[in-house]
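Going down the list, the sequences are from chains A and B. Be aware that the first sequence starts at 42, since it is given in my numbering, and climbs by one per residue. Be aware that the second sequence starts at 96, since it is given in my numbering, and climbs by one per residue.
Please note that the accuracy of each hint is not assured.
[Unchecked claim] No more than 25 Å apart at the CA atoms, straight line, and that leaves these computed lysine-lysine pairs for BS3-like:
{"hint": "1", "chain 1": "A", "residue 1": "59", "chain 2": "B", "residue 2": "271"}
{"hint": "2", "chain 1": "A", "residue 1": "59", "chain 2": "B", "residue 2": "209"}
{"hint": "3", "chain 1": "B", "residue 1": "258", "chain 2": "B", "residue 2": "271"}
[To be verified] One-sided and incomplete, this derived list gives chain A residues near chain B with beta-carbon spacing under 10 Å:
{"hint": "4", "residue": "126"}
{"hint": "5", "residue": "133"}
{"hint": "6", "residue": "137"}
{"hint": "7", "residue": "138"}
{"hint": "8", "residue": "144"}
{"hint": "9", "residue": "149"}
{"hint": "10", "residue": "153"}
{"hint": "11", "residue": "199"}
{"hint": "12", "residue": "218"}
{"hint": "13", "residue": "219"}
{"hint": "14", "residue": "221"}
{"hint": "15", "residue": "222"}
{"hint": "16", "residue": "223"}
{"hint": "17", "residue": "225"}
{"hint": "18", "residue": "227"}
[Unchecked claim] Partial pick of chain A residues on the chain B-facing surface, computed with a CB cut under 10 Å:
{"hint": "19", "residue": "98"}
{"hint": "20", "residue": "113"}
{"hint": "21", "residue": "116"}
{"hint": "22", "residue": "118"}
{"hint": "23", "residue": "145"}
{"hint": "24", "residue": "185"}
{"hint": "25", "residue": "191"}
{"hint": "26", "residue": "195"}
{"hint": "27", "residue": "261"}
{"hint": "28", "residue": "270"}
{"hint": "29", "residue": "274"}
These aren't lab readings, by the way, just hints derived from the structure by calculation. A quick note: this is a predicted structure, and the numbers were derived from the prediction, not measured. For every residue, glycine included, the Cβ atom is placed at its ideal position computed from N, Cα and C.
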Amino acid sequence: MPENVLDVRDVTKVFERKGQPSLRAVDGVSFSVGRGECVGLVGGSGCGKTTIARLVTRLIEPTSGSIALNGRDIHESADGVQMVFQNPAASFDPRRTLGQGAAEALINAGMPKPEARKQVVALFERCGLPADFVGRYAYEVSGGQCQRAAIARALAPDPSLIVLDEATSALDVTVQAQIVSLLRDVRAQRACAYLFICHDLALVQGFCDRLLVMWRGRIVEEGPTAEVIASPKHPYTRELLEAAFV
Amino acid sequence: MTQTDAIADVTVRVQVVRREHTGLMLVALVTLAALIILVALCAPVLCPYDPYAQDLSSALQPPSAQHLAGTDRYGRDLLSRIIIGAQPSVFFTLLLVALIAITGVTVGVLCGWKGGRLDVVLMRVSDLFLAFPGLVFALAIAGVLGGGMTNAVLALAAISWPKYARIARGLTLGQKNEPYLDAARLAGCTTAQLLFRHILPNIAGPILVTAMLDIGTMMMELAGLSFLGLGAQPPMAEWGSMMSDSRSFLQTAPWTVIAPGIAIFVVVMVFNLLGDTIRDYMDPKRRAGRRNARSE
Ligand SMILES: Nc1ncnc2c1ncn2[C@@H]1O[C@H](COP(=O)(O)OP(=O)(O)OP(=O)(O)O)[C@@H](O)[C@H]1O
Ligand SMILES: [Mg+2]
């Protein structure tokens with residue numbers, strides 16, 4: 042088994058826009074995520090974090106560069122990357138139940154429905170939701186409960202990497218802490234790596250092994266979380282730290 | 096209880112009453128609509144007389160115990176003709192609405208989903224159809240195609256599908272960038288699965304409501320074309336052509352015009368109200384409200 046779950050090599054994404062110059066949202070970015078590792082990705086608004094998340098999950102194609110999953114190009118790799126979105130309620134089809142949403146990947150992969158349902162109930166319970174939540178709709182549960190269901194959904198296909206794009210930003214502080222501790226528990230149980238996108242350095246500090254700092258489409262600083270926070274090298278990182286720990 | 100509490104309480108009660116009211120209305124209207132369709136289905140059995148049998152000796156008789164709605168100028172029983180006339184009205188209208196809804200939604204979803212040149216071309220085509228004054232254009236088409244219900248349906252379909260294309264396109268554009276579609280993509284859905292499993296159910300509500308509201312309008316326009324001699328051809332019993340057929344007797348034997356007129360009025364109104372009520376009922380916020388009301 043290759044050492045790294047994810048290898049991003051020199052990836053650039055250029056958005057062509059009508060009537061405006063094209064935009065290099067991600068500009069020659071390279072990084073890796075090790076097996077079972079939790080990597081934080083921080084940076085200001087509009088610096089390209091979501092674009093990286095969408096590239097890694099193959100929702101969009103890079104303009105240039107290559108992305109490899111478990112040592113193979115993502116186009117050839119059978120197992121995908123799963124994602125937890127910023128707005129949990131909007132990430133579930135409003136006309137389908139949370140359980141249907143969580144079972145979709147399993148059913149699409151050919152698992153019989155009763156078995157998929159059983160597995161989803163187990164995952165919901167694993168994520169701290171009572172079994173009857175599988176029959177609820179996103180608008181019938183709280184944001185935190187919905188995000189738990191989204192985590193259950195992401196875990197269902199047993200991915201080796203989950204991208205969490207500001208998965209806790211829409212939740213209040215106590216719920217945030219619960220979700221982070223759920224993520225920690227899950228990681229202790231399965232060898233599942235996280236790419237944790239966030240702009241709250243305080244949250245990242247206690248949770249991530251390694252930190253990537255992004256600024257205007259580039260990764261400007263990279264290293265173990267404690268090290269980056271203790272001795273930031275790039276002026277932008279310093280700025281971020283000042284803003285976070287005043 | 097403070098004043099705001101009292102106001103909130105009243106608001107909640109009003110909402111609950113309106114909700115129950117909508118539910119009752121819906122049940123009543125669905126029953127009525129089902130009844131109308133049932134009458135159309137069983138029309139031959141329900142007719143007290145042969146709707147096509149002429150009896151000149153009893154022509155233009157006013158409503159009586161024998162002929163509940165009177166007779167027309169050939170002595171045909173009007174009640175029987177109205178009952179049998181439900182068939183072309185209901186079936187051709189449903190056919191027409193299904194035709195325009197399916198065509199329009201297919202075009203609209205395709206345009207909204209694909210975008211680009213396909214979108215531009217198809218939407219210009221639909222603009223072209225929308226630019227003509229509707230019924231006049233339908234008259235021209237029906238005139239070229241000749242009379243008959245099928246041609247009337249085709250003529251009205253030609254002018255009516257762009258509305259659905261517009262609605263479906265707008266709704267598709269609204270759903271296209273929703274995060275839940277990204278989640279479905281990550282679950283491995285194909286484009287067909289995205290469209291049929293996720294997009295269509297999420298845009299179906301407003302389209303169904305439009306279709307329900309259109310049933311009444313289309314029934315009216317079909318009857319209108321028939322009235323002008325471009326739809327149903329005599330001796331076929333169709334409400335529009337029956338009114339047209341008898342219009343010279345409006346003063347001497349008004350029941351010959353009023354009876355089919357009432358039939359059109361009642362059926363159109365039932366389907367229009369049904370459309371309105373379904374719109375109220377389908378509102379997703381109301382759906383949430385109902386669930387909460389149940390669990391309280
Ligand atoms: N589909 C697109 N077409 C054109 N430009 C885009 C597109 N998606 C993103 N962008 C642009 O790319 C840049 C990076 O966007 P991105 O969403 O990755 O930022 P972000 O770091 O996630 O920001 P935030 O913290 O606010 O979520 C922004 O300037 C954005 O306007
Ligand atoms: Mg973002």
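Status of each hint after checking the structure:
Distance hint between residue 59/A and residue 271/B is fulfilled; the C-alpha atoms sit about 19 Å from each other, no more than 25 Å. Of the pairs offered as hints, the one joining residue 59/A and residue 209/B holds, with about 17 Å between alpha carbons and a cut-off of 25 Å not exceeded. Between residue 258/B and residue 271/B the alpha-carbon distance is near 20 Å, which keeps this suggested pair within the 25 Å criterion. Among the interface hints, the one on residue 126/A holds; its C-beta lies about 5 Å from the nearest C-beta in chain B, closer than the 10 Å criterion.
The interface hint given for residue 133/A is met, as the beta carbon of that residue sits about 6 Å from the closest beta carbon of chain B, less than 10 Å. The restraint placing residue 137/A at the interface with chain B holds, with a minimum CB-CB distance near 8 Å, inside the 10 Å limit. About 12 Å separates the beta-carbon of residue 138/A from the nearest beta-carbon of chain B, more than 10 Å, and the hint is not met. Checking residue 144/A against chain B by beta carbon gives a least distance of about 9 Å; that is within 10 Å, so the hint holds.
Given the 10 Å rule on beta carbons, the hint for residue 149/A holds: about 4 Å separates it from the nearest Cβ of chain B. Here the hint on residue 153/A is broken, as its CB sits about 16 Å from the closest CB of chain B, past 10 Å. Hint on residue 199/A is violated. Least Cβ distance to chain B is approximately 13 Å, over the 10 Å limit. Interface hint at residue 218/A: violated, since its Cβ lies 24 Å from the closest Cβ of chain B, which is beyond the 10 Å cut-off.
For the restraint placing residue 219/A at the interface with chain B, the shortest Cβ-Cβ distance is roughly 22 Å, beyond the 10 Å limit, so the hint is violated. Interface restraint check for residue 221/A: the shortest CB-CB distance to chain B comes to about 21 Å, outside 10 Å, so the restraint is violated. Below 10 Å, beta-carbon pairs count as interface contacts, and residue 222/A has none with chain B, the closest being about 24 Å; its hint is therefore violated. For residue 223/A, the suggested interface contact is broken, since its CB lies about 19 Å from the closest CB of chain B, more than 10 Å.
Hint status for residue 225/A: violated, given a least beta-carbon distance of 23 Å to chain B, over 10 Å. Given hint, residue 227/A at the interface with chain B, is violated; its Cβ is 18 Å from that chain's nearest Cβ, farther than 10 Å. For residue 98/A, the interface hint holds, the least distance from its beta-carbon to any beta-carbon of chain B being 6 Å, beneath 10 Å. Annotation: interface hint on residue 113/A violated; nearest CB of chain B at approximately 18 Å, more than 10 Å.
Of the supplied interface hints, the one on residue 116/A is violated, with its beta-carbon coming no nearer than about 15 Å to a beta-carbon of chain B, more than 10 Å. Look at residue 118/A: its Cβ only gets to about 13 Å from chain B, farther than 10 Å, so that hint breaks. Look at residue 145/A: its Cβ gets to within about 4 Å of chain B, closer than 10 Å, so that hint holds up. A least Cβ separation of about 17 Å between residue 185/A and chain B goes past the 10 Å threshold, and the interface hint is therefore violated.
Taking 10 Å as the C-beta contact cut-off toward chain B, the hint placing residue 191/A at the interface holds, the least distance being around 8 Å. For residue 195/A, the interface hint holds, the least distance from its beta-carbon to any beta-carbon of chain B being 8 Å, beneath 10 Å. Of the supplied interface hints, the one on residue 261/A is violated, with its beta-carbon coming no nearer than about 28 Å to a beta-carbon of chain B, more than 10 Å. Below 10 Å, beta-carbon pairs count as interface contacts, and residue 270/A has none with chain B, the closest being about 31 Å; its hint is therefore violated.
Using the Cβ-Cβ criterion of 10 Å, the hint placing residue 274/A at the interface with chain B is not satisfied: the shortest such distance is roughly 35 Å.
Hints 7, 10, 11, 12, 13, 14, 15, 16, 17, 18, 20, 21, 22, 24, 27, 28 and 29 from the list above are not met by this structure, while the remaining hints are.
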